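Asks: Letter by letter, the chains look like this.
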Amino acid sequence: MSGTLVELEAACPAGARPAGEADRVDGVDVELVAYPRSAPEVAAALAVAARHALAVVARGAGTKLDWGYPPERAGLVLDLSHMSGVIEYTSDDLVVRVKAGTPLSDLAERLSGAGQRLAIDEVVPGSTAGGAVATGACGPLRHAYGAVRDRVLGMTVVRPDGVVARAGSKVVKNVAGYDLAKLFTGSYGTLGVLTELIFKLAPLPAARLFVSAPYPGTAEVGPVLSALLRSQAAPEALELSRTLPDGRVELCALVEGRQGPAEARAATVAAALSGGEVSPSAPSWWGCLPGPVTVKLTTVLSAIPDLAAQASEACAALGLTGTLRGSAGVGVLYLGLPAETERGAIATLLAELRRAVTAAEGHATLLRAPAATKAGLDIWGPVPGLELMHRVKERFDPGRLLAPGRFVGGI
Amino acid sequence: MTDPVELATYECDGLTNFRARPAVAVLARSAEEVETTVRVCARLGVPFVARGSGTGLSGGAVPVSDGVLVVTAKMRSVLSVRPDDRRAVVEPGVTNIDVSRAAAPYGLFYAPDPSSQQVCSVGGNVAENSGGAHCLKYGFTTNHVTGLEVVTPEGERVELGGMAPDTPGYDLVGAFVGSEGTLGVATRVTVRLLPLPEAVQTMLAAFADMDSAGRAVSAVIAAGLVPSAIEMMDALAISAVEKAVRCGYPAGAGAVLIVELDGPRGEVEPGLAEARRICEEEGAFEVRVAAGDAERAAIWRGRKAAFAAMGRLSPSYIVQDGVVPRSSLAEVLHDVAALSEQAGIKVANVFHAGDGNLHPLVLFDDQAEGEEPRAEELAEAILGLCIARGGSVTGEHGVGLHKLAAMEKMFSADDLATMLLLRSAFDPDGICNPGKAVPAPRLCGEPPRPRHGAHPLQEAGVGEIF
Ligand SMILES: Cc1cc2nc3c(=O)[nH]c(=O)nc-3n(C[C@H](O)[C@H](O)[C@H](O)COP(=O)(O)OP(=O)(O)OC[C@H]3O[C@@H](n4cnc5c(N)ncnc54)[C@H](O)[C@@H]3O)c2cc1C
Numbered sequence: 001m002s003g004t005l006v007e008l009e010a011a012c013p014a015g016a017r018p019a020g021e022a023d024r025v026d027g028v029d030v031e032l033v034a035y036p037r038s039a040p041e042v043a044a045a046l047a048v049a050a051r052h053a054l055a056v057v058a059r060g061a062g063t064k065l066d067w068g069y070p071p072e073r074a075g076l077v078l079d080l081s082h083m084s085g086v087i088e089y090t091s092d093d094l095v096v097r098v099k100a101g102t103p104l105s106d107l108a109e110r111l112s113g114a115g116q117r118l119a120i121d122e123v124v125p126g127s128t129a130g131g132a133v134a135t136g137a138c139g140p141l142r143h144a145y146g147a148v149r150d151r152v153l154g155m156t157v158v159r160p161d162g163v164v165a166r167a168g169s170k171v172v173k174n175v176a177g178y179d180l181a182k183l184f185t186g187s188y189g190t191l192g193v194l195t196e197l198i199f200k201l202a203p204l205p206a207a208r209l210f211v212s213a214p215y216p217g218t219a220e221v222g223p224v225l226s227a228l229l230r231s232q233a234a235p236e237a238l239e240l241s242r243t244l245p246d247g248r249v250e251l252c253a254l255v256e257g258r259q260g261p262a263e264a265r266a267a268t269v270a271a272a273l274s275g276g277e278v279s280p281s282a283p284s285w286w287g288c289l290p291g292p293v294t295v296k297l298t299t300v301l302s303a304i305p306d307l308a309a310q311a312s313e314a315c316a317a318l319g320l321t322g323t324l325r326g327s328a329g330v331g332v333l334y335l336g337l338p339a340e341t342e343r344g345a346i347a348t349l350l351a352e353l354r355r356a357v358t359a360a361e362g363h364a365t366l367l368r369a370p371a372a373t374k375a376g377l378d379i380w381g382p383v384p385g386l387e388l389m390h391r392v393k394e395r396f397d398p399g400r401l402l403a404p405g406r407f408v409g410g411i
Numbered sequence: 412m413t414d415p416v417e418l419a420t421y422e423c424d425g426l427t428n429f430r431a432r433p434a435v436a437v438l439a440r441s442a443e444e445v446e447t448t449v450r451v452c453a454r455l456g457v458p459f460v461a462r463g464s465g466t467g468l469s470g471g472a473v474p475v476s477d478g479v480l481v482v483t484a485k486m487r488s489v490l491s492v493r494p495d496d497r498r499a500v501v502e503p504g505v506t507n508i509d510v511s512r513a514a515a516p517y518g519l520f521y522a523p524d525p526s527s528q529q530v531c532s533v534g535g536n537v538a539e540n541s542g543g544a545h546c547l548k549y550g551f552t553t554n555h556v557t558g559l560e561v562v563t564p565e566g567e568r569v570e571l572g573g574m575a576p577d578t579p580g581y582d583l584v585g586a587f588v589g590s591e592g593t594l595g596v597a598t599r600v601t602v603r604l605l606p607l608p609e610a611v612q613t614m615l616a617a618f619a620d621m622d623s624a625g626r627a628v629s630a631v632i633a634a635g636l637v638p639s640a641i642e643m644m645d646a647l648a649i650s651a652v653e654k655a656v657r658c659g660y661p662a663g664a665g666a667v668l669i670v671e672l673d674g675p676r677g678e679v680e681p682g683l684a685e686a687r688r689i690c691e692e693e694g695a696f697e698v699r700v701a702a703g704d705a706e707r708a709a710i711w712r713g714r715k716a717a718f719a720a721m722g723r724l725s726p727s728y729i730v731q732d733g734v735v736p737r738s739s740l741a742e743v744l745h746d747v748a749a750l751s752e753q754a755g756i757k758v759a760n761v762f763h764a765g766d767g768n769l770h771p772l773v774l775f776d777d778q779a780e781g782e783e784p785r786a787e788e789l790a791e792a793i794l795g796l797c798i799a800r801g802g803s804v805t806g807e808h809g810v811g812l813h814k815l816a817a818m819e820k821m822f823s824a825d826d827l828a829t830m831l832l833l834r835s836a837f838d839p840d841g842i843c844n845p846g847k848a849v850p851a852p853r854l855c856g857e858p859p860r861p862r863h864g865a866h867p868l869q870e871a872g873v874g875e876i877f
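Residue numbers (our numbering), protein chains in the order written: chain A, 1 to 411; chain B, 412 to 877.
Careful: at least some of the hints might be erroneous.
To spell it out: a stretch of chain B is covered by chain A in this simulated footprint if at least three of its residues, at any positions, have a beta carbon under 8 angstroms from a beta carbon of chain A; those stretches are [said to hold, decoys possible]:
| no. | segment |
| --- | --- |
| 1 | 804-811 |
| 2 | 815-824 |
Cβ-Cβ distance ranges computed for the label pairs, FRET-style [to be verified]:
| no. | chain 1 | residue 1 | chain 2 | residue 2 | range |
| --- | --- | --- | --- | --- | --- |
| 3 | A | GLY85 | B | HIS745 | 29 to 35 angstroms |
| 4 | A | GLY126 | B | LYS485 | 50 to 56 angstroms |
| 5 | B | THR447 | A | GLU109 | 41 to 47 angstroms |
| 6 | A | ALA227 | B | SER491 | 19 to 25 angstroms |
| 7 | B | PRO839 | A | GLU72 | 49 to 55 angstroms |
| 8 | A | PRO216 | B | LYS715 | 48 to 54 angstroms |
| 9 | A | PRO40 | B | ASP840 | 33 to 39 angstroms |
| 10 | A | SER2 | B | PRO839 | 53 to 59 angstroms |
No wet-lab data here; the hints were simulated from the structure. Only a predicted model underlies this, so the values are computations on that prediction, with no experimental measurement involved. Virtual Cβ for every residue (Gly too), placed ideally from N, Cα, C.
Given these sequences and hints, build the entire structure.
Replies: Written out as structure tokens, the structure reads:
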């Protein structure tokens, strides 16, 4: 082992060390941690890992290492905290290029100085840009600004074989070659290590208004949602939150724009919500991913009320308490459950929810849960195109060096 | 179809300089027929090429000589419009405009609107990741497709993505869109629909020169305005359209901008006023705001007629397509003008200024000795300007056959090899639109594989990748 460490220290002069308890990846022991500062150093570290058959997990702030399955092996953690900072920012272009380990909050601060933002919500506090892209994690703003995949213009990745490749570019319009940035976004670190990211930015609005209204149950929400989606008030985000099993349903719409017009639009939204309250500040739950155990549900828009009702019933039947929350205008809901929720109950719930989402033409995945809970559970559910995904993995990472077993179908 | 005369129709796409005649063209009427055709190709190892409406501008749909052409243009059904889910499901041969037509009764529309939308197919749009005049605000095809049914190059019919967002697994829809028909044939497409905006406002601003118009574009973007479109035309382009359609743009303009905003009325009106103020600050000497649909159409008429009008200026022309950062527009236009002067070849500019997507029209006389190669050189040099500024060699027309060499300038060999890993995952036998979109390394006969050290042939001193 010490020989490997010496090699790693040579690959990553800023630091490499034996791993400790805190470095475990979702319950899996880690042998070594290295701190690369650049793509070539990542490549050098990967070469060491390949030579010594160590599986590699890239880590930003480590806030989402428990998403997906625990890796089968995790000999080496590549900690990207030394790869932080803005590389290039031309505010007039509304484009920024950052190192992958940059915390989203640092980036937000830098951008706000120029009246701009990333328009990707930090749904797990402490997240880095690389982590958000690797998992595709985003929140309420996706309603108007799109998901993470829609905000990424380009990236630099290091392939498991050490080749450093660039995809996309720093201009907002580009169809040259395959859009590999889409493939890497949401790939959970199983295809390559992201080292640089280029994002499209959005201006910060002058006014932000939140319009909230409570409803006794999901039956009342259906007509309101469809009226709102049809209205010309076009809110920038539309979130739903409910304490399960049978709390009231809160809807909250975000209206952003110029001061006067935003107020007028907020009033229209308030009317559509049949008596919503307008506030300049967000409800406490806004943009927070419920958990710590989290099931992600996706659905067509028209099935949101039914799915919310079915989630409530399923929780009630199992005697579970939790929180259902998500983007009602997009078709993504998250069901958060307490840490101590029993494995058997989660398994039954997941089966129930899979039945429900089939009718809603969506998917139910167990986004995060303690490793012991996930063991033996089908956390991803059915995956269309899985065969092709295996082939993609096989081409990029034939030695299964990167986070083996973490992703769909054991990828 | 195998009749040589009939097949001649399918020899090329919208870029007529590349031609090849297929052995067979299959006019598929259903996904099953596409599947059967591709299966046969896969079994026999015969290369095939998908074709929609053939309006592509990079030679993407040019057949492989003596291969099979799978034409999806007859698959023209809008399968469903689901207003409550804001989705439509269509066959690949449906024209772009027909999606919005089908959605209109519900107050919805399909956002990507390439200028060829009356003719081009959704399948072609998916393959090219097409944008349109309004992609500045709405994005491209990739931002509006949630699901695909695809016949893979091995003849398997698979679903990718779906009706709901965030299908688990790799984003293969994202990988397929923009892959220029090299990863399979799309046989069904699920698209997002959006509510028609409440208000649309359009303004024409005339400037003395391109510099000030270019600066105005950068300033509008920098101010945080998000117009749905900002289009620009220079004096030469204006003179051509005046001759062709008499659109009555302000006399003496060295450049005009068309700026359009849409959305909630309360946001659009002050937004337009701000854009107007910026244009005036940057030196616009006349600004016209369209009072209604008729005036809006009049403003757009010149822009829409621009390409067709070039015939009035020159017997032949090359349409270039490249992208630069928006903050460098004025400088780059300067450089283009300088290159044009040096070469003694005129360049007219008509383009999507808001996203920095240049479409310089390089004008030449194909009868004049030596002009064509000089024009090609100039068009090439303009792409060089784009690459030098970190831009792209194509913003919307794709690589096809036309831009393979340019790809090698924009991307490193490693970048390209990485793209080929994706291709070989979908098409291990290399029979699906071979030789397009991503240049293959010249060291042939080796399927792309991850690299471990130097290539064995290099090590043996037998071959060099160049
Ligand atoms: C006058 C004019 C204006 C234009 N304006 C614009 C514009 O504003 N924006 C823009 O982006 N483009 C524009 N284009 C380019 C062109 O219209 C687009 O690229 C369009 O998407 C091509 O569609 P098509 O059906 O004609 O495809 P084709 O030309 O038939 O094919 C294009 C590519 O798509 C592949 N393909 C076609 N069907 C399928 C399928 N079902 N599955 C898989 N692959 C398939 C082909 O193999 C080929 O590689 C314009 C072209 C013209 C002639």
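Asks: All the hints need checking, so say for each whether the structure fits it.
Replies: Do the hints match the structure? See the list:
1. Counting residues of the segment 804-811 of chain B whose C-beta lies closer than 8 angstroms to any C-beta of chain A gives 7; at least three are required, and the coverage claim holds.
2. Counting residues of the segment 815-824 of chain B whose C-beta lies closer than 8 angstroms to any C-beta of chain A gives 5; at least three are required, and the coverage claim holds.
3. In this structure the hint that A:GLY85 and B:HIS745 lie 29 to 35 angstroms apart at CB holds, the actual value being about 33 angstroms.
4. The hinted window of 50 to 56 angstroms between A:GLY126 and B:LYS485 holds, with their beta carbons roughly 54 angstroms apart.
5. For the pair B:THR447 and A:GLU109, the supplied restraint of 41 to 47 angstroms is violated, since their beta-carbon distance comes to about 58 angstroms.
6. A:ALA227 and B:SER491 have their C-beta atoms about 23 angstroms apart, which keeps the hinted 19 to 25 angstroms range intact.
7. For the pair B:PRO839 and A:GLU72, the supplied restraint of 49 to 55 angstroms is violated, since their beta-carbon distance comes to about 26 angstroms.
8. A:PRO216 and B:LYS715 have their C-beta atoms about 53 angstroms apart, which keeps the hinted 48 to 54 angstroms range intact.
9. Roughly 35 angstroms separates the CB atoms of A:PRO40 and B:ASP840, a value that falls within the hinted 33 to 39 angstroms.
10. Look at A:SER2 against B:PRO839: about 42 angstroms separates their beta carbons, and that is not inside 53 to 59 angstroms.
Of the numbered hints stated above, those contradicted by the structure are hints 5, 7, 10, listed in ascending order.
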